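Given chain A's structure and the hints, the job is docking chain B onto it.
Protein chains: 2
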Amino acid sequence: MEDENRQTPEEGQAPSKKAAKKEAAKLEKQRRREAEAAAAAAASLSIDSADPLAANYGDVPLNDLQSKAVTGRKWTDIGALTEELKDQQVLIRGRAQTIRAVGKNIAFLVVRKKGFTVQCVLTVQNDVVSRQMVKFATGLSRESHVDIEGIVSVPDTPIKGASQQVEVQVRKIYCVSKAVPNLPINIEDAARSEIEIEKALQAGEQLVRVNQDTRLNYRVLDIRTAANQGIFRIQCQVENIFRQFLLSEGFVGIHTPKLIAGSSEGGSAVFKLDYKGQAACLAQSPQLHKQIAICGDFDRVFEIGPVFRAEDSYTHRHLCEFTGLDVEMEIEEHYFEVMDVVDRLFVAMFDSLNENFKKELEAIGKQYPFEPLKYLRKTLRLTFEEGVKMLQDAGVNVDPLGDLNTEAERKLGQLVLEKYGTEFYILHRYPLAVRPFYTMPCYDDQTYSNSFDVFIRGEEIISGAQRVHVPELLTARAEACGIDVKTISTYIDSFRYGAPPHGGFGVGLERVVMLFCALNNIRKTSLFPRDPLRLAP
Amino acid sequence: MEDENRQTPEEGQAPSKKAAKKEAAKLEKQRRREAEAAAAAAASLSIDSADPLAANYGDVPLNDLQSKAVTGRKWTDIGALTEELKDQQVLIRGRAQTIRAVGKNIAFLVVRKKGFTVQCVLTVQNDVVSRQMVKFATGLSRESHVDIEGIVSVPDTPIKGASQQVEVQVRKIYCVSKAVPNLPINIEDAARSEIEIEKALQAGEQLVRVNQDTRLNYRVLDIRTAANQGIFRIQCQVENIFRQFLLSEGFVGIHTPKLIAGSSEGGSAVFKLDYKGQAACLAQSPQLHKQIAICGDFDRVFEIGPVFRAEDSYTHRHLCEFTGLDVEMEIEEHYFEVMDVVDRLFVAMFDSLNENFKKELEAIGKQYPFEPLKYLRKTLRLTFEEGVKMLQDAGVNVDPLGDLNTEAERKLGQLVLEKYGTEFYILHRYPLAVRPFYTMPCYDDQTYSNSFDVFIRGEEIISGAQRVHVPELLTARAEACGIDVKTISTYIDSFRYGAPPHGGFGVGLERVVMLFCALNNIRKTSLFPRDPLRLAP
Numbered sequence: 010m011e012d013e014n015r016q017t018p019e020e021g022q023a024p025s026k027k028a029a030k031k032e033a034a035k036l037e038k039q040r041r042r043e044a045e046a047a048a049a050a051a052a053s054l055s056i057d058s059a060d061p062l063a064a065n066y067g068d069v070p071l072n073d074l075q076s077k078a079v080t081g082r083k084w085t086d087i088g089a090l091t092e093e094l095k096d097q098q099v100l101i102r103g104r105a106q107t108i109r110a111v112g113k114n115i116a117f118l119v120v121r122k123k124g125f126t127v128q129c130v131l132t133v134q135n136d137v138v139s140r141q142m143v144k145f146a147t148g149l150s151r152e153s154h155v156d157i158e159g160i161v162s163v164p165d166t167p168i169k170g171a172s173q174q175v176e177v178q179v180r181k182i183y184c185v186s187k188a189v190p191n192l193p194i195n196i197e198d199a200a201r202s203e204i205e206i207e208k209a210l211q212a213g214e215q216l217v218r219v220n221q222d223t224r225l226n227y228r229v230l231d232i233r234t235a236a237n238q239g240i241f242r243i244q245c246q247v248e249n250i251f252r253q254f255l256l257s258e259g260f261v262g263i264h265t266p267k268l269i270a271g272s273s274e275g276g277s278a279v280f281k282l283d284y285k286g287q288a289a290c291l292a293q294s295p296q297l298h299k300q301i302a303i304c305g306d307f308d309r310v311f312e313i314g315p316v317f318r319a320e321d322s323y324t325h326r327h328l329c330e331f332t333g334l335d336v337e338m339e340i341e342e343h344y345f346e347v348m349d350v351v352d353r354l355f356v357a358m359f360d361s362l363n364e365n366f367k368k369e370l371e372a373i374g375k376q377y378p379f380e381p382l383k384y385l386r387k388t389l390r391l392t393f394e395e396g397v398k399m400l401q402d403a404g405v406n407v408d409p410l411g412d413l414n415t416e417a418e419r420k421l422g423q424l425v426l427e428k429y430g431t432e433f434y435i436l437h438r439y440p441l442a443v444r445p446f447y448t449m450p451c452y453d454d455q456t457y458s459n460s461f462d463v464f465i466r467g468e469e470i471i472s473g474a475q476r477v478h479v480p481e482l483l484t485a486r487a488e489a490c491g492i493d494v495k496t497i498s499t500y501i502d503s504f505r506y507g508a509p510p511h512g513g514f515g516v517g518l519e520r521v522v523m524l525f526c527a528l529n530n531i532r533k534t535s536l537f538p539r540d541p542l543r544l545a546p
Numbered sequence: 010m011e012d013e014n015r016q017t018p019e020e021g022q023a024p025s026k027k028a029a030k031k032e033a034a035k036l037e038k039q040r041r042r043e044a045e046a047a048a049a050a051a052a053s054l055s056i057d058s059a060d061p062l063a064a065n066y067g068d069v070p071l072n073d074l075q076s077k078a079v080t081g082r083k084w085t086d087i088g089a090l091t092e093e094l095k096d097q098q099v100l101i102r103g104r105a106q107t108i109r110a111v112g113k114n115i116a117f118l119v120v121r122k123k124g125f126t127v128q129c130v131l132t133v134q135n136d137v138v139s140r141q142m143v144k145f146a147t148g149l150s151r152e153s154h155v156d157i158e159g160i161v162s163v164p165d166t167p168i169k170g171a172s173q174q175v176e177v178q179v180r181k182i183y184c185v186s187k188a189v190p191n192l193p194i195n196i197e198d199a200a201r202s203e204i205e206i207e208k209a210l211q212a213g214e215q216l217v218r219v220n221q222d223t224r225l226n227y228r229v230l231d232i233r234t235a236a237n238q239g240i241f242r243i244q245c246q247v248e249n250i251f252r253q254f255l256l257s258e259g260f261v262g263i264h265t266p267k268l269i270a271g272s273s274e275g276g277s278a279v280f281k282l283d284y285k286g287q288a289a290c291l292a293q294s295p296q297l298h299k300q301i302a303i304c305g306d307f308d309r310v311f312e313i314g315p316v317f318r319a320e321d322s323y324t325h326r327h328l329c330e331f332t333g334l335d336v337e338m339e340i341e342e343h344y345f346e347v348m349d350v351v352d353r354l355f356v357a358m359f360d361s362l363n364e365n366f367k368k369e370l371e372a373i374g375k376q377y378p379f380e381p382l383k384y385l386r387k388t389l390r391l392t393f394e395e396g397v398k399m400l401q402d403a404g405v406n407v408d409p410l411g412d413l414n415t416e417a418e419r420k421l422g423q424l425v426l427e428k429y430g431t432e433f434y435i436l437h438r439y440p441l442a443v444r445p446f447y448t449m450p451c452y453d454d455q456t457y458s459n460s461f462d463v464f465i466r467g468e469e470i471i472s473g474a475q476r477v478h479v480p481e482l483l484t485a486r487a488e489a490c491g492i493d494v495k496t497i498s499t500y501i502d503s504f505r506y507g508a509p510p511h512g513g514f515g516v517g518l519e520r521v522v523m524l525f526c527a528l529n530n531i532r533k534t535s536l537f538p539r540d541p542l543r544l545a546p
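Residue numbers (the working numbering), protein chains in the order written: chain A, 10 to 546; chain B, 10 to 546.
Derived by calculation from the structure, the hints in this document are not laboratory data. Here the structure is a predicted model, which means the values were calculated and not measured. Certain hints may be false.
Intra- or inter-copy, both count: the list cannot distinguish identical chains.
Claimed, not checked - DSSO-like, lysine-lysine: derived pairs with alpha carbons at most 30 Å apart: (1) LYS208 / LYS285; (2) LYS281 / LYS495; (3) LYS285 / LYS428; (4) LYS95 / LYS368; (5) LYS113 / LYS95; (6) LYS77 / LYS398; (7) LYS208 / LYS367.
With the rest of the complex left out, here is chain A (with noise of 0.2 Å):
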């Protein structure tokens, strides 16, 4: 269940200094590496020229990759590489994942696009395959991206290392784009699973375990990983469904400024700036637009957009920016409204990735292991008291009017698995004191607010609340909390032309998909990490 490593707070830190200089030195080697490595190949090439079939391979030439022509030349998708083109030439295009001579005479490379892998042939023959193409093929770096041209073979036993169950033999094979003959990653370590890791390790073999610092620091080479193309698809899919689910619905979606005026003076740090010499900062939510919004006769309204904090958390689940998913919508009568969107939304958008995106949850799973997520056809609903009763009946201490810390949300998730059978629920009716000024107060007891968070294995993903839309009892509350109210007059005033009562929620897309996969820590859910030590690449 468990891969790489369980994140301690110094992971996910940008290298230190000392390491930094090492990939410089390692970077260097590798550049006098490459130069020797092309010295070498061009050495090769001028004994290529003596060919007769020195036409059939060789690096293309960068002047055709300059939009030279439009050929018409069809290339087919390594995916579509099927017994049904058995003797049939085709032409692909992907990377030499790997590369294996056998002898001088022979020659397999793997070719990989689009996650789809084919194993490519080259044998000695006469006015077919020379000496020399093998030489060339197998004098290929990894990664480097070919253009083969071959004929379509269908093997008497299955192939292992390949997803394709036929083979090219190789025709024609030229080199579109080379790449350094030694990457800082290879993909294949970059792929592994714990689990192979360890057995390996019990059988004797030390394997490369590629540490995330590593990772991200070559993110272009970490992101080839099946893994890794499985999570970013995943995560274009959470976003279409919650779009699409919304639109549905009747909301329409938004773009609210990420620069705002000001320097907030609530809790969370925020990014300052220099806005054309005004104070400025960027903004931790949409919340106030995306009010106004609704004050506007939107009615219903999401937003998809990055989210700024500058806080200092160096834990597995906070990121420095990362993509909220906001909603707003006006209430009828009860923010149940509210919760009853959430509901739908989220068992939609798990059954759906369940039954259409097998294949890249799969492609997840492989490298790091996880269940498929617990959830009811309708989402349990608990309020605040009756999480802390199944808290305190359990012997854990927790203030019944105070905030849970993650601890304790672990906990209740573990509690709520066993009762309830469920990994997915709602925790509503939060104390007063321990969420925002604007969220409005339950109508029988001011202690309690009308606010809810939804937690997915344990852990928050979603925050959401009626909020005030009465402009006195908006500054009451603001006074109560001790913020100055001179500081918030437009925010305020924008409740004054006539207010609906509404509720919404925000979402951090990257939890979704982390908490989905059971994955163990955020970067992996985020193309590019910002985290506070890491702003590259």
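Okay, now just chain B, sitting in the frame of chain A:
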């Protein structure tokens, strides 16, 4: 917590101090009036308590708006009020758009919701509607939210002042949320077309014209107009069609960081900030990261997200923050493949908008009249040289190897429209010198490049090109452009691990909407625009 971020909403800043003071004084005046109105309302309520029908009208107590109960009541959408509901009792919620008393016994209210309006009538009748009830209704301030229960009736003559051709005979009326009695902008003023103002002026009547700064200062009111509701619904659809088209063609949606180290590639005017002690800036485009995604095997990607430009541009078409629609894709052999995507994508988009969003386009056109965009089934492509020749033949003096200025672009748009009958076309093979260093030079003439711009109604909306994917050439091009190669080593290194030929383009969402609807200012298509002087609301 994702959305409940403890952030204090920012203070708004008006464009100038003077204006701000004026606004403040105005608001203060309003508040005084509001207080007086409230006192008057309270006085009238004390009379109402003597009314046996007093329970059928009044302000909804706050407590009832705090999610007190799920009653199962059903609100009927105003748009759903048709003759079929004749004699039935309905419950509706909406804004009191206009309120008119006829003597003391009759009141008419036009109630608006989601762009639909219905006329509601109160007529004094024993045991049904009291004089005090009519007084309560006529005392409501415009834009207040009301709940109305009543009977649907069908009048003999067509209704001019509302979208629905039925009336609601009011039985109960409650105010859910009060607007201040004197709004800084009246919605009917904000919704007025320039033509109406001119016509009235000719008839000797001076109607209120709401200027753009006032609109933007009170955007919460301004966006309630039918035209603005249409504009932002069209914007949402432009984005949606863009996404769905690309997803259907195998593109993956990604999110790249907006916080990047150092100062952005190419351009100079960036917003700088301190990132935990490191120099950082806001991304001017996702250029580097979308290219890394391509080199990382994602084959075809797109991103929708904010783009930041700190340029001091005060034009009708520049913003400091806008929504970028970015695409990057592998190229098999020619940058025409990228132009093919642009062609099919935008033709599909224009078709879909015209077919499926007529109501929204009509609402926009009613206030801002425009001719439908003229475009061809197969988008016209001209080379830059051909464009220059057309301009020169028309007597326009242009540098054949320089960039076209805004005026020349507009003129060329006219010439193209006259000659080819289209307002949407692609101009390609731009001079290399006027494109960024990472643009691929033409195979046959290094003076030109594999690049293109796309124009709507004579204004540029898209810029695209094949990129240089060969590290050595990229280095040479950067040096030739006077860029210190050390500062972009991360960028160049991304191409050392096998990089496929690729290209892409970027579109400004706000510009597409502005030019499709022939609007005269980009601030009309940004929900909360940011320009060098505006950072609020």
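Status of each hint after checking the structure:
| no. | hint | verdict |
| --- | --- | --- |
| 1 | LYS208 / LYS285 | neither (59 Å within a copy, 41 Å between copies) |
| 2 | LYS281 / LYS495 | both (20 Å within a copy, 28 Å between copies) |
| 3 | LYS285 / LYS428 | neither (57 Å within a copy, 44 Å between copies) |
| 4 | LYS95 / LYS368 | within (25 Å within a copy, 54 Å between copies) |
| 5 | LYS113 / LYS95 | within (27 Å within a copy, 90 Å between copies) |
| 6 | LYS77 / LYS398 | between (72 Å within a copy, 24 Å between copies) |
| 7 | LYS208 / LYS367 | within (26 Å within a copy, 63 Å between copies) |
Going down the numbered hints, you'll see the structure goes against 1, 3, while the others check out.
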